[in-house]
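**Q** One letter stands for each residue in the lines below.
Number of protein chains: 2
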Amino acid sequence: MQVRELASRIKKGDRIALAKGITLAENDPEGAARLLAPMGPPGKAFVVGVTGPPGTGKSSLVDRLIEAYRTDGLKVGVIAVDPSSPITGGALLGDRIRMSGHAEDVNVFIRSMASRGWSGGLSRATSQVIRLMDAAGYDLILLETVGIGQSDIEVVGVSHAVLVVLMPGLGDDIQVSKAGLMEIGDIYIVNKSDLEGADMMVVSLLSLFRGSPRSPPVLKVSALLGEGIDKLHDDIERIRSTFTAGSTDLRLKSIRGMIVETARGAAMERLAVVSESKADRLAKQVLSGKTTVEGAAAKLSA
Amino acid sequence: MQVRELASRIKKGDRIALAKGITLAENDPEGAARLLAPMGPPGKAFVVGVTGPPGTGKSSLVDRLIEAYRTDGLKVGVIAVDPSSPITGGALLGDRIRMSGHAEDVNVFIRSMASRGWSGGLSRATSQVIRLMDAAGYDLILLETVGIGQSDIEVVGVSHAVLVVLMPGLGDDIQVSKAGLMEIGDIYIVNKSDLEGADMMVVSLLSLFRGSPRSPPVLKVSALLGEGIDKLHDDIERIRSTFTAGSTDLRLKSIRGMIVETARGAAMERLAVVSESKADRLAKQVLSGKTTVEGAAAKLSA
Numbered sequence: 009m010q011v012r013e014l015a016s017r018i019k020k021g022d023r024i025a026l027a028k029g030i031t032l033a034e035n036d037p038e039g040a041a042r043l044l045a046p047m048g049p050p051g052k053a054f055v056v057g058v059t060g061p062p063g064t065g066k067s068s069l070v071d072r073l074i075e076a077y078r079t080d081g082l083k084v085g086v087i088a089v090d091p092s093s094p095i096t097g098g099a100l101l102g103d104r105i106r107m108s109g110h111a112e113d114v115n116v117f118i119r120s121m122a123s124r125g126w127s128g129g130l131s132r133a134t135s136q137v138i139r140l141m142d143a144a145g146y147d148l149i150l151l152e153t154v155g156i157g158q159s160d161i162e163v164v165g166v167s168h169a170v171l172v173v174l175m176p177g178l179g180d181d182i183q184v185s186k187a188g189l190m191e192i193g194d195i196y197i198v199n200k201s202d203l204e205g206a207d208m209m210v211v212s213l214l215s216l217f218r219g220s221p222r223s224p225p226v227l228k229v230s231a232l233l234g235e236g237i238d239k240l241h242d243d244i245e246r247i248r249s250t251f252t253a254g255s256t257d258l259r260l261k262s263i264r265g266m267i268v269e270t271a272r273g274a275a276m277e278r279l280a281v282v283s284e285s286k287a288d289r290l291a292k293q294v295l296s297g298k299t300t301v302e303g304a305a306a307k308l309s310a
Numbered sequence: 009m010q011v012r013e014l015a016s017r018i019k020k021g022d023r024i025a026l027a028k029g030i031t032l033a034e035n036d037p038e039g040a041a042r043l044l045a046p047m048g049p050p051g052k053a054f055v056v057g058v059t060g061p062p063g064t065g066k067s068s069l070v071d072r073l074i075e076a077y078r079t080d081g082l083k084v085g086v087i088a089v090d091p092s093s094p095i096t097g098g099a100l101l102g103d104r105i106r107m108s109g110h111a112e113d114v115n116v117f118i119r120s121m122a123s124r125g126w127s128g129g130l131s132r133a134t135s136q137v138i139r140l141m142d143a144a145g146y147d148l149i150l151l152e153t154v155g156i157g158q159s160d161i162e163v164v165g166v167s168h169a170v171l172v173v174l175m176p177g178l179g180d181d182i183q184v185s186k187a188g189l190m191e192i193g194d195i196y197i198v199n200k201s202d203l204e205g206a207d208m209m210v211v212s213l214l215s216l217f218r219g220s221p222r223s224p225p226v227l228k229v230s231a232l233l234g235e236g237i238d239k240l241h242d243d244i245e246r247i248r249s250t251f252t253a254g255s256t257d258l259r260l261k262s263i264r265g266m267i268v269e270t271a272r273g274a275a276m277e278r279l280a281v282v283s284e285s286k287a288d289r290l291a292k293q294v295l296s297g298k299t300t301v302e303g304a305a306a307k308l309s310a
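Heads up: the protein sequence lines correspond to chains A and B, in order.
Going by this note's numbering, the first sequence opens with residue 9, and the numbers climb by one from there.
Going by this note's numbering, the second sequence opens with residue 9, and the numbers climb by one from there.
What you were told as hints is all true, and nothing was included just to trick you.
All copies of an identical chain are treated as equivalent in the list; a pair is satisfied when it fits inside any one copy or across any two copies.
With a Cα cut of at most 20 Å, we get these calculated PhoX-like pairs of lysine-lysine:
| id | residue 1 | residue 2 |
| --- | --- | --- |
| 1 | 286 | 261 |
| 2 | 239 | 228 |
| 3 | 261 | 307 |
| 4 | 298 | 261 |
| 5 | 261 | 292 |
| 6 | 52 | 83 |
| 7 | 20 | 83 |
None of these hints come from the bench; they were simulated from the model.
Produce the entire structure from the sequences given, and follow the hints as far as they go.
**A** Here is the structure:
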């Protein structure tokens with residue numbers, strides 16, 4: 009299929025064409041860039057980043073948000089970013105099973121994307137997939153990432169709103185703040201609220217923000233039992249309403265994030281294509297004292 | 009102090025000089041490169057990466073390993089890499105308190121390093137700090153990182169052995185594999201073994217590796233109670249013995265990691281110095297349809 013034909017089908021909402029476009033973004037970012045070029049600027053879809061440590065129930069929460077927004081009549085796209093696992097074959101099955109309730113809904117499009125070690129390539133592809141879903145008419149995009157630190161920074165960059173998902177027993181407030189999660193959330197969620205310690209965790213999160221310039225909502229939610237989802241939905245809608253009212257601030261923030269991530273990804277990929285043998289040869293030169301680590305790094309990038 | 013004088017003091021084991029060198033690595037990587045250049049290739053210190061999700065007790069475990077290796081008579085350096093938290097003022101206090109038992113031991117040097125958003129700069133500095141400690145005569149370097157995903161890849165790159173620290177109740181085995189932790193560990197530790205579910209977690213970790221080409225040890229440890237530390241020490245020593253016997257494989261792996269991380273860091277820093285206003289201007293051009301995200305990214309890097 010020609011790129012122009014594929015672009016036209018994606019814009020008409022053809023799911024198979026969208027899937028092809030996403031595969032292109034994963035495997036051939038330059039090809040995906042050509043596909044996206046005629047589609048115009050992004051900015052119709054509202055992007056919600058969902059992040060937090062593994063095991064906190066992000067996928068179940070995403071599932072509940074799909075339900076809530078489908079009830080509102082919105083078309084919902086989901087991008088689940090998972091580090092790849094050669095041993096377990098990707099380990100994405102868990103999510104797929106949990107989200108299978110929406111598998112037959114034509115207004116829900118779920119895609120898992122596997123990291124291939126270099127986060128640069130992933131964030132570059134993610135930014136393209138968001139734009140493809142945007143072009144395909146999805147109103148809301150849920151971007152779920154496992155991870156702490158760098159991968160969250162990327163989520164923050166491209167999202168219009170960021171949900172940080174935590175759970176009781178994850179560690180004390182020092183642990184939460186150490187994970188670099190305190191700065192990035194627009195809404196904080198203590199999931200698995202049926203577990204002991206949920207109220208305590210809400211209290212300690214609130215106390216972390218006391219005296220700070222911002223005070224994001226901290227919500228107790230049980231994605232499993234469906235409790236607290238209405239309040240969460242309301243809080244997301246509060247942010248989304250400024251977006252739907254035409255705020256260019258939020259749109260510019262997301263586009264800026266996409267630009268930076270794309271530039272970052274391109275830089276990382278340039279390094280990743282450097283041959284193993286070149287890196288090996290340089291390491292031997294460092295070990296024998298012929299050059300320094302910094303000297304070798306400069307040669308690696310050259 | 010002249011760079012040559014500082015280098016000479018560091019090599020003599022002067023702690024204040026080492027602290028100055030580390031500060032240089034954090035703030036002026038080119039200056040630190042000049043400091044390191046005359047020190048020759050790294051390769052005396054054995055580097056142990058300690059990683060895993062937040063709240064699993066990595067710092068307490070590091071504390072126990074300091075004890076164990078001090079008993080062996082080794083000089084021990086610790087690098088604790090923490091995402092910075094402007095709200096909590098770094099949130100590093102927790103670690104420092106826990107490690108204070110070694111604060112007065114002149115053969116233990118502990119340094120916390122804060123990430124500043126761009127993991128590139130951090131990994132570049134970390135590689136330099138390892139070499140500074142190596143030059144200062146530390147036999148063993150414990151590199152503790154909070155994080156999952158990209159930051160772990162960096163730990164793997166520069167370490168000679170990687171410990172993955174988990175705990176019961178963190179999530180099922182799918183969660184562990186999703187976090188990308190299954191590929192990177194040389195030794196897996198189920199810490200907080202006094203908690204319910206520790207045995208189950210060991211079993212499910214072992215089953216994850218069944219049928220895979222590798223079968224790293226999975227150990228039950230209680231850093232708090234000091235249980236399982238002897239066995240862990242033995243398992244680390246098994247890897248370290250090939251290193252002390254002169255293995256260039258492990259040395260080359262670590263140096264290769266340092267080269268790649270330094271090149272990566274330099275690339276990220278080049279992007280980070282791009283002015284906010286330039287990114288803003290480009291985002292506006294994308295929003296108005298004057299250019300694409302990819303076109304703007306190319307201009308950002310140019």
